[in-house]
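Novice: Single-letter residue listing:
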Amino acid sequence: MTFTRRTTLAVMGAAALAVGAPGAVSAADYPSGTINTIVPFGAGGGTDRWARVMSSGAFDVFGHGMHVQNRGGAAGTIGWKHMMDQKADGHSILLASPTPIMAALMEKKPPFDPQNVKIAAYYSVMKPTLIAPKDSAYNDWASFVAYLKDDSNKKVTIGGTITQLLGPTSLLAQLGLEKRVILVPYSGTGKAVNDYLGGHINMVTVTTSTATGLAHDHAVLVNASSLEYPKAATEALGHVPNATKLGLKPFDPPRFVAMHPDTPDAQVTAMGEKIGELLTNKSVARLVSKLGEDVIYVGPAEANTAYQNVLAEAKKYLPLFQ
Amino acid sequence: MVNMDALYEAIALVFTFQTMMWIAIGVTIGVGVGAMPGLTATTGIALMLPLTFTLDQAAALGLLIGLYKGAIYGGSISAISFATPGTSEAAATVFDGHKLMRRGKGKKALLIALYASVTADFLSDVITILIAPLLALVALKFGPSERFWLMALAVCLLGALSGSHFAKGMLSAALGLFIGTIGADPVSSVPRNTFDLWWLGDGIHLIPLVVGIFAMGAMLEKVLELSTAKRQTAKITGAFKNLFSMSGEGLSFKEYLSCWKEMAIGLGVGTFVGMLPGLGSTVGAFLSYGVAKQVSPEKKIGSGVIEGVAAAEAGNNATVGPTLVPLLAFGIPGSAVAALIGAALMLQGATPGPRMFELFPTIIYSLFLILLVGNIFNLGIGRIFAFVYAKLGELPAPLLVPLVMGMAVIGAYAYANNPWDVLVMLIFGFMGLLMRVMRIPEAPLVITFLLAPQAEENLRRGLLINEGDWSAALFNSPLAIGLAVAVVLLTYVSSRMRIAERMSEISDEQEAETSAAEAER
Numbered sequence: 001m002t003f004t005r006r007t008t009l010a011v012m013g014a015a016a017l018a019v020g021a022p023g024a025v026s027a028a029d030y031p032s033g034t035i036n037t038i039v040p041f042g043a044g045g046g047t048d049r050w051a052r053v054m055s056s057g058a059f060d061v062f063g064h065g066m067h068v069q070n071r072g073g074a075a076g077t078i079g080w081k082h083m084m085d086q087k088a089d090g091h092s093i094l095l096a097s098p099t100p101i102m103a104a105l106m107e108k109k110p111p112f113d114p115q116n117v118k119i120a121a122y123y124s125v126m127k128p129t130l131i132a133p134k135d136s137a138y139n140d141w142a143s144f145v146a147y148l149k150d151d152s153n154k155k156v157t158i159g160g161t162i163t164q165l166l167g168p169t170s171l172l173a174q175l176g177l178e179k180r181v182i183l184v185p186y187s188g189t190g191k192a193v194n195d196y197l198g199g200h201i202n203m204v205t206v207t208t209s210t211a212t213g214l215a216h217d218h219a220v221l222v223n224a225s226s227l228e229y230p231k232a233a234t235e236a237l238g239h240v241p242n243a244t245k246l247g248l249k250p251f252d253p254p255r256f257v258a259m260h261p262d263t264p265d266a267q268v269t270a271m272g273e274k275i276g277e278l279l280t281n282k283s284v285a286r287l288v289s290k291l292g293e294d295v296i297y298v299g300p301a302e303a304n305t306a307y308q309n310v311l312a313e314a315k316k317y318l319p320l321f322q
Numbered sequence: 001m002v003n004m005d006a007l008y009e010a011i012a013l014v015f016t017f018q019t020m021m022w023i024a025i026g027v028t029i030g031v032g033v034g035a036m037p038g039l040t041a042t043t044g045i046a047l048m049l050p051l052t053f054t055l056d057q058a059a060a061l062g063l064l065i066g067l068y069k070g071a072i073y074g075g076s077i078s079a080i081s082f083a084t085p086g087t088s089e090a091a092a093t094v095f096d097g098h099k100l101m102r103r104g105k106g107k108k109a110l111l112i113a114l115y116a117s118v119t120a121d122f123l124s125d126v127i128t129i130l131i132a133p134l135l136a137l138v139a140l141k142f143g144p145s146e147r148f149w150l151m152a153l154a155v156c157l158l159g160a161l162s163g164s165h166f167a168k169g170m171l172s173a174a175l176g177l178f179i180g181t182i183g184a185d186p187v188s189s190v191p192r193n194t195f196d197l198w199w200l201g202d203g204i205h206l207i208p209l210v211v212g213i214f215a216m217g218a219m220l221e222k223v224l225e226l227s228t229a230k231r232q233t234a235k236i237t238g239a240f241k242n243l244f245s246m247s248g249e250g251l252s253f254k255e256y257l258s259c260w261k262e263m264a265i266g267l268g269v270g271t272f273v274g275m276l277p278g279l280g281s282t283v284g285a286f287l288s289y290g291v292a293k294q295v296s297p298e299k300k301i302g303s304g305v306i307e308g309v310a311a312a313e314a315g316n317n318a319t320v321g322p323t324l325v326p327l328l329a330f331g332i333p334g335s336a337v338a339a340l341i342g343a344a345l346m347l348q349g350a351t352p353g354p355r356m357f358e359l360f361p362t363i364i365y366s367l368f369l370i371l372l373v374g375n376i377f378n379l380g381i382g383r384i385f386a387f388v389y390a391k392l393g394e395l396p397a398p399l400l401v402p403l404v405m406g407m408a409v410i411g412a413y414a415y416a417n418n419p420w421d422v423l424v425m426l427i428f429g430f431m432g433l434l435m436r437v438m439r440i441p442e443a444p445l446v447i448t449f450l451l452a453p454q455a456e457e458n459l460r461r462g463l464l465i466n467e468g469d470w471s472a473a474l475f476n477s478p479l480a481i482g483l484a485v486a487v488v489l490l491t492y493v494s495s496r497m498r499i500a501e502r503m504s505e506i507s508d509e510q511e512a513e514t515s516a517a518e519a520e521r
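Protein chains in written order, with the working numbering: chain A, 1 to 322; chain B, 1 to 521.
Any given hint might turn out to be false.
[Unchecked claim] Just the calculated beta-carbon pair ranges, DEER-fashion:
#, chain 1, residue 1, chain 2, residue 2, range
1, B, 16, A, 286, 21 to 27 Å
2, B, 376, A, 175, 57 to 63 Å
3, A, 262, B, 133, 51 to 57 Å
4, B, 137, A, 174, 37 to 43 Å
5, A, 234, B, 410, 47 to 53 Å
6, B, 130, A, 143, 50 to 56 Å
Everything labelled a hint here was simulated from the structure, so no lab data went into it.
Ideal Cβ placement from N, Cα and C applies to all residues, glycine included.
Could you put the whole structure together from the sequences, leaning on the hints where they help?
Specialist: Next comes the structure, spelled out in structure tokens:
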């Protein structure tokens, strides 16, 4: 499944309308208390920042607060497991990124099955962006592909987090070129960018906000997702091709709200719609934009399908890192 | 070149009652957070981040920077008072700080910790302000190969931290090395040495390990002491009381100045470690402590001297300013705290990046001014807070021990709200007790636990980049070769020194035996 900003915004608008329509939400008194918001990472990371920004508008939308709990450890799997141990009453949600999914897929005995979960909504989708030096032999996508096709050239090293690296890896795999690059995984984007700027690796794959900071002096080759950059980022990054424009299958790593698999569907749907409303809250939207992030809202039905696609892609390409 | 208009504007923004008030609040919360085992500067800043949404630029930065500075110092209060490092970066302070406390010189230890922290913090801030872009360029020279050799160099300092029994030091280091390998491997994230326990998938966290080894280990030892020697308890309680009495031994200016060498080492090591992404203030503290011990063997650092406290505290606080260097120069957050401060800057409309000095000079100058002013607040508030917090020490030992044990349990849980961390902390508590009973030093365990995974990560990344070519992975630049040579030299010199020390000890023992035999005759 692919997203475009237009369609996701349309879904978002529809969700907001649905929330406003009388009787649209089956559980009118839902939620009836504080939303226990589990962040499966320590304080200070990207997901934690999203949670704190979203919680700042919770009272306006839910009529109750969001209690942000950091349950870090074991690459996010401890937080996920904690969510699975809560009552399926719709009052515990997990804000996550693909990291715990990757960790669970790499475990022989994973503490949970990443397939067995209900996705209330996507609140954003990352856009893995490939950066290279401007003076290199591969300073746009076409020259990069041509460079890799020529076997006499040396392999190219690409650094980034595993989630971000899966983006360009999936594109190159579709062209049969994944063996021509050396994937160098890092635990954080900062470390990868440091090694890239120091000339220790050839390329780096980063988030939109990091790419925006680097674009002035570096070439931006491709956005491995199906999405366009937000307007402000496009001004800095220029017109970078995304996977869909290149005719390739995109990789859209989501930031999503997950709920216990036994949660009643009506509550999952209602939560998804409330999340949509929360993201359109003026104060929340302003803060998200200031953080350099981009709201990409996808409601429950589409998000669950998209999530299964991400799982399938991750299963396919993770062995390349092992 | 300084943009004078922006500088005047920054001065007007920072030197307001509101900004000063928020810096004071930040430092106060920070010292409290730091002194509480398990609560880190990162946790404190993350909790305060939503509050900054409603504050103006200078007040928001004042709150966060104040909290950061306060928390890094705050860890030393409980480290000295109860041998319970409030934060992992204060673990190296325990060695000398707590011994001073037990000798009734806790006030002296707390004061040198504060003054060394503020001195090194202030000077490293000045260095950051003057040469941030240059420091950032130096940091970029350190790729996987160079970082590997840097870690190896640090591990070589183990010789200085292994105490009088080298073999026991090596055993401790080996334990740390093994514990460091538990969890997802640092490059491909495949779990290893996890005993098939899923909750070990991310490895052992530093906070439960440090709180367990130092705090719980020390308290378990005190439980043994309490059950065997009541007089000893009275002595310890007396030492705490002495801390607050008017006649308690303070710190003279001469004594403060006598630690200049250790503070300078802390400043240099902390500044360097702070600007490299991923190392952090705990490594800064241990390295500074190790270097100081190596450089000045005559000061007997480790036996309970103020120089040991000064080296450790200067080493961790000197990382505060430089940790922002990669963020300000390139927009790369080098640590979780830098990421949060970066987020706060973005929320205030200033995206960190290479053009930050050009685009947002007022915010940059405000940040610099707050970095400097924050030290003055840290000095004043830290001094009051240290003595107020340590009042807990007036409690009789039978109450103090369960209180600290309770703090250790809460702290281990509060770190990530993870009950497994409590179990891990308890396991390391018993391990810490065993190490104390068997006189195995703790420092080598902590430092190999911290550095070995990073050394492995960098070596494997170097090999990955160079397609398995070891010579290219290890010696790919003059800097890497220079560091490798330094490792060899340091190993040689420290081995010679250790052999000479041991020979001298043996000859002293023989002389003592001969004179005792003659006296008997």
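Novice: Mind listing which of the numbered hints don't hold for this structure, in increasing order?
Specialist: Violated hint: only 6; rest satisfied.
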